[in-house]
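Spelled out from the first residue to the last, the chains are:
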Amino acid sequence: MAAIDPATFQRIDAFLTDYAHNLDDGLTDGWPAYFAADGLYQITTRENFEAGYPIGLMLCEGRGMMQDRMLALRTANVYEPQVFCHILGRPDIREASPGAYASRANFSVFRTMENGEASLFATGKYLDRIVIEAGAPLFKARRVILDSRCIDVLLVVPL
Amino acid sequence: MTQTTVAALSEPLAWPEGGVARVPFRVFSDAEIYALEQEKIFKGPIWNFLCMEVDVAKPGDVRTTWVGETPVVVTHDQDGKLHAMINRCAHKGALVCLKQKENRESLTCVYHAWNYSLDGQLQTVAFRNGLKGKGGMPEDFDASKHRLQPLRVATFCGLVFGTFSEETEPLDQYLGAPMSKFLDRNLGRPLKILGVHSQMIHNNWKLYAENVRDSYHATLLHTFYTTFKVNRLDMDGGIILSDKKWHHISYTKRATLQAEKEYETVHSGQYESQLAGPQLLNAWDEFDDGITHSIQTVFPTLVVHFTLNSLAVRYFVPRGVDKTELYWVFLGYERDTEAQSQMRVMQGNLTGAAGLVSLEDGCINEFVQRGTATSPEAKAFIEMGGKVAESNESSRATEASVRGFWHGYRSIMGFH
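Which chain is which? The protein sequence lines are A and B, in order. Okay, so the first sequence: first residue is 2 according to this note's numbering, each after it adds one. Okay, so the second sequence: first residue is 551 according to this note's numbering, each after it adds one.
One should not assume that every hint holds.
[To be verified] Here are the simulated DSS-like pairs of lysine-lysine, each with C-alpha atoms no more than 30 Å apart in a straight line:
1. B/Lys608 x B/Lys631
2. B/Lys731 x B/Lys608
3. A/Lys126 x B/Lys695
4. B/Lys649 x B/Lys731
5. B/Lys590 x B/Lys731
6. A/Lys126 x B/Lys590
7. A/Lys126 x B/Lys803
8. B/Lys649 x B/Lys742
9. B/Lys642 x B/Lys742
10. B/Lys651 x A/Lys126
11. B/Lys742 x B/Lys779
12. B/Lys590 x B/Lys608
Keep in mind the hints are simulated off the structure, nothing from the lab.
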């Protein structure tokens, strides 16, 4: 895969940062808009990823399924209030084909609960496919590969 | 096998009046009771789920697991036989196997290189005869007297079970005919693993054992079930308890829904929505008995669920008096077509640590733990559907299976 120019890197890097900041600010309704209409989002574990197991923790194919997830977490699912803080590693972005990019970046996500307790909730890597549509980057696919097989308490918000 | 002597509780537990319809909160937070359970239940007359047969499918396959808090290793020897042993070297007691899964010709403790065959027999001891004629084991050292402590092993429908107790009845009797038949319905063909993960829940293991037997809560707490008519109590369904009441089956027939007004007044009935991504619930009828959702338990810590086409084994491992690790093993059949596999994968969104119909169970039991921890003298009131533990094939508005769990628990623990 080919290296990319600094301007493209900067644009995609800003997109990745914006995604994380929006989730950290609790703006989950806007989350599906970071994806192409037929975009894929998956959270799985390193163990599943390496074994080739298709079922991870969360899988959305298309913005419709993403909207359902967001509606469910807002109105249906029951859980204690919690806020998240993403810490992103510097992404490695390559051009996979003209106008399509592959990106890999490490992340960690800290969770703070209602009682004030903060802890490391997840760590792992993003494996992304990014396309530029109408001048704006969008995820064609975002795979979140968690290092741990074990989730503390539950997982309800996308990472 | 030596049976560890269990010290009596420093303060005896008197079960409250009301029998299995009451549960003293003390049992969820008392460290002495928790320690007693390790001996009486997990090392007692029960079959513990160890792993899936597909985890140890080939000769040389080794899989680590737990029975209660005790680390255990399951092996598949060169003759095709399965063995289970405490994962503890006969020398100094170090863990012998460290990885979850591997394939090995024999087992070697990393500490002093004591080597065991796959059936747990001690084969070689490093420097047994010393070096240059000096050191080494005494003359009377007998390798055959030092082995990995074995468990009895039995398998059924792709599930591997183990027991420490000589008193445990044969597995088919332990399960009983109705339980075996339903396990065979769901698991009785070549299986393949589609995904695995776990979640740490911050509650005593028995709260999850209750929770997964509780057909009363399912459609109230788990809104998604109700809204999308995956599982409701106004569908035909029932509860079947095993002869000794330890195990249970809860089943639902989705096509029989006759909407009841009662659901209009509860939170779970308020969430009106059409799915924007309806492929989530694409499903096919796999069986001709009309059952579209079932939860089955095998005492103490095994669960098999089959929701639409989402099939999984769950098992939970106590990690302390107020901590439990819940494992999810998502399954399909070897015979599945690509389209069928795809439906199981999509429906994987329903359950697990992020499951649309199950994620609440990650926190609800913790809420009970936190609510009860400071009130050991108070008790739960469990009378929905009656005061006894009996099968009920006409209604799941009952806590009969929860009472069945306590029936088994009390008899094994000797809490009268």
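Hint-by-hint comparison with the structure:
Note on lysine 608 of chain B and lysine 631 of chain B: the hinted pairing holds, with a Cα-Cα distance of about 10 Å set against a maximum of 30 Å. Of the supplied pair hints, the one linking lysine 731 of chain B and lysine 608 of chain B holds, its CA atoms being roughly 27 Å apart against a limit of 30 Å. Restraint check for lysine 126 of chain A and lysine 695 of chain B: the C-alpha separation of about 49 Å exceeds 30 Å, so the hint is violated. Proposed proximity of lysine 649 of chain B and lysine 731 of chain B is contradicted: the alpha carbons are some 34 Å apart, above 30 Å.
Taking the CA atoms of lysine 590 of chain B and lysine 731 of chain B, the gap is near 28 Å; set against the 30 Å cutoff, the hint holds. Distance check on the hinted pair: lysine 126 of chain A and lysine 590 of chain B sit about 44 Å apart at the alpha-carbon level, beyond 30 Å; violated. With a C-alpha separation of about 41 Å, the suggested pairing of lysine 126 of chain A with lysine 803 of chain B is violated against the 30 Å cut-off. Using a Cα cut-off of 30 Å, the hinted pair lysine 649 of chain B and lysine 742 of chain B holds, with the two alpha carbons roughly 21 Å apart.
Restraint check for lysine 642 of chain B and lysine 742 of chain B: not satisfied, since their Cα atoms lie roughly 38 Å apart, outside the 30 Å limit. For the proposed pair lysine 651 of chain B and lysine 126 of chain A, the alpha carbon gap of about 23 Å is at most 30 Å, so the pair holds. Under the criterion of a C-alpha separation no larger than 30 Å, the hint pairing lysine 742 of chain B with lysine 779 of chain B is consistent with the structure, at around 28 Å. For the given pair, lysine 590 of chain B sits about 33 Å from lysine 608 of chain B by alpha-carbon distance, which is inconsistent with the 30 Å threshold.
The structure does not agree with the numbered hints 3, 4, 6, 7, 9, 12 stated previously, though it agrees with the rest.
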